[in-house]
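Chains as they are written, first to last, in this note's numbering: chain A, 56 to 461; chain B, 56 to 461; chain C, 56 to 461; chain D, 56 to 461.
Worth flagging that the hints you see were computed from the coordinates, not collected in a lab. Honestly, I wouldn't trust all of these hints.
[Unchecked claim] Computed footprint of chain A on chain D; a stretch qualifies when at least three of its residues, placed anywhere within it, have a C-beta under 8 Å from a C-beta of chain A:
#, region
1, 195–208
2, 330–336
3, 361–373
[Claimed, not checked] Pair by pair, the computed Cβ-Cβ distance ranges are:
#, chain 1, residue 1, chain 2, residue 2, range
4, C, Arg-457, D, Gly-84, 35 to 41 Å
5, D, Arg-456, C, Pro-245, 47 to 53 Å
6, D, Ala-412, C, Ala-243, 50 to 56 Å
7, D, Ser-346, A, Arg-364, 31 to 37 Å
8, B, Ile-430, C, Glu-181, 49 to 55 Å
9, D, Ser-346, A, Val-188, 51 to 57 Å
10, A, Ile-430, C, Gly-362, 49 to 55 Å
11, B, Arg-360, C, Lys-432, 54 to 60 Å
12, B, Gln-93, A, Gly-203, 35 to 41 Å
For clarity, every value in this text was computed on a predicted model and none was experimentally measured. All C-beta atoms in this analysis are idealised placements derived from N, C-alpha and C, irrespective of residue type, glycine included.
4 protein chains.
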Amino acid sequence: MVRAVKLSAGSDLRETSRSQVVAVIRAAGQIARIDIAQATGVSPATVTAITAELIRAGLVEEVSPDSSQAAGRGRPRVALRVRGPAHILAGIKVSSATISTILIDFDGTTLSEHESPLPEARMSPEALTRQIVDTLREAAAETGREIGDLSGLGVGISGVVDVPEGLVHWSPSLDRRNVALRDQLEVALPMPVFLDNDANSVAKAEQLFGEGRGVRDFLVVTIEHGVGMGIVIDGQVYRGTRGCGAEFGHIKVHLDGALCRCGQRGCLEAYVADYALLREAAVTHPGLRGSTPEERLDALFGAARSGERTALSILERASRMFAMGLANLVNIFDPGLIIVSGERMSHDFLYSDEVIAMMKTQVLQVDAPPPEVRIHKWGDMMWAKGAAAYAMEGVTELAVRRLNDA
Amino acid sequence: MVRAVKLSAGSDLRETSRSQVVAVIRAAGQIARIDIAQATGVSPATVTAITAELIRAGLVEEVSPDSSQAAGRGRPRVALRVRGPAHILAGIKVSSATISTILIDFDGTTLSEHESPLPEARMSPEALTRQIVDTLREAAAETGREIGDLSGLGVGISGVVDVPEGLVHWSPSLDRRNVALRDQLEVALPMPVFLDNDANSVAKAEQLFGEGRGVRDFLVVTIEHGVGMGIVIDGQVYRGTRGCGAEFGHIKVHLDGALCRCGQRGCLEAYVADYALLREAAVTHPGLRGSTPEERLDALFGAARSGERTALSILERASRMFAMGLANLVNIFDPGLIIVSGERMSHDFLYSDEVIAMMKTQVLQVDAPPPEVRIHKWGDMMWAKGAAAYAMEGVTELAVRRLNDA
Amino acid sequence: MVRAVKLSAGSDLRETSRSQVVAVIRAAGQIARIDIAQATGVSPATVTAITAELIRAGLVEEVSPDSSQAAGRGRPRVALRVRGPAHILAGIKVSSATISTILIDFDGTTLSEHESPLPEARMSPEALTRQIVDTLREAAAETGREIGDLSGLGVGISGVVDVPEGLVHWSPSLDRRNVALRDQLEVALPMPVFLDNDANSVAKAEQLFGEGRGVRDFLVVTIEHGVGMGIVIDGQVYRGTRGCGAEFGHIKVHLDGALCRCGQRGCLEAYVADYALLREAAVTHPGLRGSTPEERLDALFGAARSGERTALSILERASRMFAMGLANLVNIFDPGLIIVSGERMSHDFLYSDEVIAMMKTQVLQVDAPPPEVRIHKWGDMMWAKGAAAYAMEGVTELAVRRLNDA
Amino acid sequence: MVRAVKLSAGSDLRETSRSQVVAVIRAAGQIARIDIAQATGVSPATVTAITAELIRAGLVEEVSPDSSQAAGRGRPRVALRVRGPAHILAGIKVSSATISTILIDFDGTTLSEHESPLPEARMSPEALTRQIVDTLREAAAETGREIGDLSGLGVGISGVVDVPEGLVHWSPSLDRRNVALRDQLEVALPMPVFLDNDANSVAKAEQLFGEGRGVRDFLVVTIEHGVGMGIVIDGQVYRGTRGCGAEFGHIKVHLDGALCRCGQRGCLEAYVADYALLREAAVTHPGLRGSTPEERLDALFGAARSGERTALSILERASRMFAMGLANLVNIFDPGLIIVSGERMSHDFLYSDEVIAMMKTQVLQVDAPPPEVRIHKWGDMMWAKGAAAYAMEGVTELAVRRLNDA
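Chain A extracted, bound-state conformation (with noise of 0.2 Å):
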């Protein structure tokens, strides 16, 4: 299909062909010279001109041919790899109480994990700055190395981001709006820094490393203190023109309905995250016990397990609310997948069979499956390494750009 819109600034067709042959190499793991020309469409010449270029760049290496596999079928084939010690990259995710931090090479492999703790929810940037260097610091040296050894970092942040201009309109993180932070961490680091909304992080995550491998549209919802979502449309992470879309929490599902934490009425989270579950069970369930939301939330599942009548009611009214802000989303995207992608036990009910099938009662009804949803429960380091694979990519763009220039 065509396309009508000119290119990013400064991207020229050599780029794209490098890029988009590491990129199939990258999803391949490991592939030979032919194929990558059959899945690129660029001209078999052109690849082997483009893998010579990457090869000496050391981004790139041959893979001695398996011998077994290639047995009566002539000359092994030698297959081409993404060479792992080509850069090491950080991925960030900044939570409430904790930052997560992880380190993987250049080809995914995770090379190490590290957690600390955050003395409050909301910093000042500078604050912020600060506690992200010392984490980078700590878990470089975890592994023995320095920041210096580091070639890029990827920070996933809640809130509304402007990726190109790496600005934080909002965060609950930060107490202050429009902060310059990827401007401000560079400052503080020696490496290039690709920041991004958390959920961004997430669906970039899926995509290399998770359920989204292979898919060209696709979507990665998440509920936790609120309702996130990344949106990969023609495999790439669709960002909106100031970085305020996908906002999936903040759809309005009723006029004049509940109170969310934005201020504005109905929308989606002001039903299902955590906060609404919790401000419904506060007057309901004054007894409930846990000192912290998590543990309340704990309490409050648990009750609805047991039967509890109102604890199921809470959560039975929040499902039906997240199957239709499900079904929205078919009817907008009519993706290829939905992965529905968190860490916490309130998936036994939000995420459960009868959940999806209420959604697929409420999308169009054609001829044709619905999108499939798969559950993926996963921890705050899943979101790390979706901000180390963002820098990866960035990392990846940047040697090619130096390639060409060179």
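Using the hints provided, position chains B, C and D relative to the given structure of chain A.
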């Protein structure tokens, strides 16, 4: 940004470059080679080679330099433009009561417009095919041409269309589900047929000829008998996996809400579409004048304009729901632009400044202006022109591929 | 319990006692003087004096003691009963297409039933008066009587009736507001006329002849073209200050909800009345068979019974709303009994055990059984009988007052 | 109008007449015998006999004629009035944090007011009984009296009270359900106890001392921690069959709506009560100042008054819901008057002219003015006074019955 996903089979980089060059020339009207290189990122040498091919194939032509403009700036640069007579394309919009047909040439100039009545709103695929063939013959004859002179036909139809398969899952114009309408038309006509959902046709028309020119990400929203949407992301019409996406009219805005034509509850359409307004009016305004829905709607809007309270109540609630629906689109897509597109006087209420203002209070608030909303009033002929534009793109791609094969 | 408020002018204690004595006799069928004293709290001596007056006036008569029953228990007690031939009363129910008339005697025995068609649903007060006079004449003639033989006429009419003033604020049967219909009828007829809202007529019928006998506080709910209610508190039909109370159909169950015939939003009626069901069906079942609303409703209920999904959706939401409405009545009135009264097959859904069960989950939960709900199917003739009963009470009061004056 | 239902056992007409005479004297303040006869419909001779009895019993006394007023109009008429010292009555309102006590004499004059703190909001029946006895002893002592000097105690308590049985089905003040609280108090105190729901106490206070004097049918609505209602129909407080009526706070205004303290969904209370407002504010105004709910409410109202947008949103939605609830009451009761009664500054929003105006648009529209709504601000002491008034009525009835027995 890197693409991690395989391009569509059969395309290659050269072909992509050619298509980009044509698209850039078409978008620009007239453009010099050096500016094409700048705009596409293709090297000047390659641009020169490609444009030579395109000129030889008769798709593009040189324009004599405008001496007045060029005076005193050295050698006047030769510009290129698309060669209008290269191809004639037809576009058809199938409505409930009429078929609108437009003929355009290869640079998008309208050659003729034609409208024929449809005997009934729902037809068999065979009857609809006959109607389309007949109307196309008439439209061609009016300009002294024959069907054989046309290079391609674009058809926009309401309903759910699987574009790659050319399959109509469901349409109010067809008395049957899952119709391979594209193939049926290609059997009956000596030209390639490009079939799409009609809202996508409008999106295509806006992108090539209307408010969407040069905008990377935008949405087109239409309210008529139903509520439709076209999504343009990264310069491409987004159609979803099964062709069921962009169902703006069927996003749920109320749990257990008003009953929609689709049999489900709470769809936006069930609050704002023509039938939803008339359904309410039927109860409170049994004497509403008019033998057709259009006339009764006219009477309802008239009553509201004259201040009649219940008529106002009908339109005001619809307006609030529509504002909420638009806000949902912004919260999901954060588009650069929303084009509200249609023909009707309902604009006075549903597309009013008040609605846009309401919408703005319901989007995520950041320190960047919300997307612009442009109201674009037009008629069925523009839907047809969008279908023709879609054919123009398809024919271009085929022509470019043929160059390749040569 | 003490009454702190002045009784209605013109009544006195003696008159009240007489009325109570007649009411107790009528309710009992047959009753001995000593049991009347017991039941009313009036002293035996006063009961003896009052019953002597009533017998002299021909309103009451002695019944020969039933010797078998009395055997061996000393002197058989003489019982009293209301004297049937004392008065003949007519009751009329004005519907949209018919006038139903009943004649009863003074002990409530039905003498004849009569139904005449109405030329149009909305009439001038003069036309309606003529229709009533004509139909009354026919009904009397059928039993060999004349209008002059009737002692009183009760009329039940849809709409808002100010009973003390005999004023119809508004009625679907009248083409004008604020009609002094009682006075107009009394000018045309040689008898006192007792005009009431038709739901109150049903309440009166239930109280005197139906499920409400001997129940101090009960509600009657009707669903037909609209949703009506009669309230009996402390043995009296409660009519509100302006005759606008008991508007069960117009309690709001949704902010900015569905549009009601009354022009307001969210009324219960807009979810459960005939027109509300058909309004939804019109969109999803355009082919619903039936030239009249009744036939189309039949078809809708039939479709639902056969399991058709959207038809079920229509009736299920109506059922949930109706259950919620009933629960509201219980939460406000805590009545001893709710009688759901009507003629239609809609009972199968709206008046089902499931609805009653749903209702019970929505009332305040105490350790005492929720009010019983009885379904009482009947037709227009019982509405007419209620109107006649209302006339019977009124004529009794007039007769008792005349005793007083004597 | 005729009463078809047996009066309460043990009453008789003479007793009823005596009670009416006392009630009329009390309502009038001072009134001549002939006017009593006029007001009650009891014959002058009987009035003379009854008042002689009442004077002998010390319940009523003659008032010397006011000579100035009577001048020149023949013999001045002797008026009667209730004899204040005849009885001392106590009224108690049990709140969550305090017990308010009032002592009044037999003509309703306040003798003293007393407030004691409660150690906890929920108590065992035994603990509450002890608290009541202690506080009553203190209150009596403050006026130099002992508990034995009191003729009766009225108690108003939140929750569901079966008045005839003296049973508290449920109360937020008690840690157990189905408590025979009246009997328990009568065992502990040497006087009859009259137990009622606190909203009924307010209704009684309004009827005897407040805005409800001389109004036959009126409603009292209260909004504090919850939403309560007292219903006065035909001059009597209406309590329902099981004491569960008048639950204005628990009428459902939304299917599957907000969760109420009662565990059900969509109750009016869940939108307008204190806890509902604070529940919303907790999410958007986590920093709302105040250690008590009252202080946080103050802060919320302050924020709204200063124009803070989300605070306004909280109060505006509550106001709309409250207006809808009031409209429902009008549509059901068509009362002569609604008294909105309470203590709090919330009046500024929930009880505003805008709310009343909104309510009026949602009631059935007839050509007669909608019921007047009066705002009556007062504190816990008036609730206590209502309880005392209820005791006053009960003691009067007992005194009158004793006359009878004599």
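Against the structure, the hints come out as follows:
no.: 1; hint: 195–208; verdict: violated (count 0)
no.: 2; hint: 330–336; verdict: holds (count 3)
no.: 3; hint: 361–373; verdict: holds (count 5)
no.: 4; hint: C:Arg-457 x D:Gly-84: 35 to 41 Å; verdict: 37 Å, holds
no.: 5; hint: D:Arg-456 x C:Pro-245: 47 to 53 Å; verdict: 48 Å, holds
no.: 6; hint: D:Ala-412 x C:Ala-243: 50 to 56 Å; verdict: 42 Å, violated
no.: 7; hint: D:Ser-346 x A:Arg-364: 31 to 37 Å; verdict: 33 Å, holds
no.: 8; hint: B:Ile-430 x C:Glu-181: 49 to 55 Å; verdict: 53 Å, holds
no.: 9; hint: D:Ser-346 x A:Val-188: 51 to 57 Å; verdict: 39 Å, violated
no.: 10; hint: A:Ile-430 x C:Gly-362: 49 to 55 Å; verdict: 32 Å, violated
no.: 11; hint: B:Arg-360 x C:Lys-432: 54 to 60 Å; verdict: 47 Å, violated
no.: 12; hint: B:Gln-93 x A:Gly-203: 35 to 41 Å; verdict: 38 Å, holds
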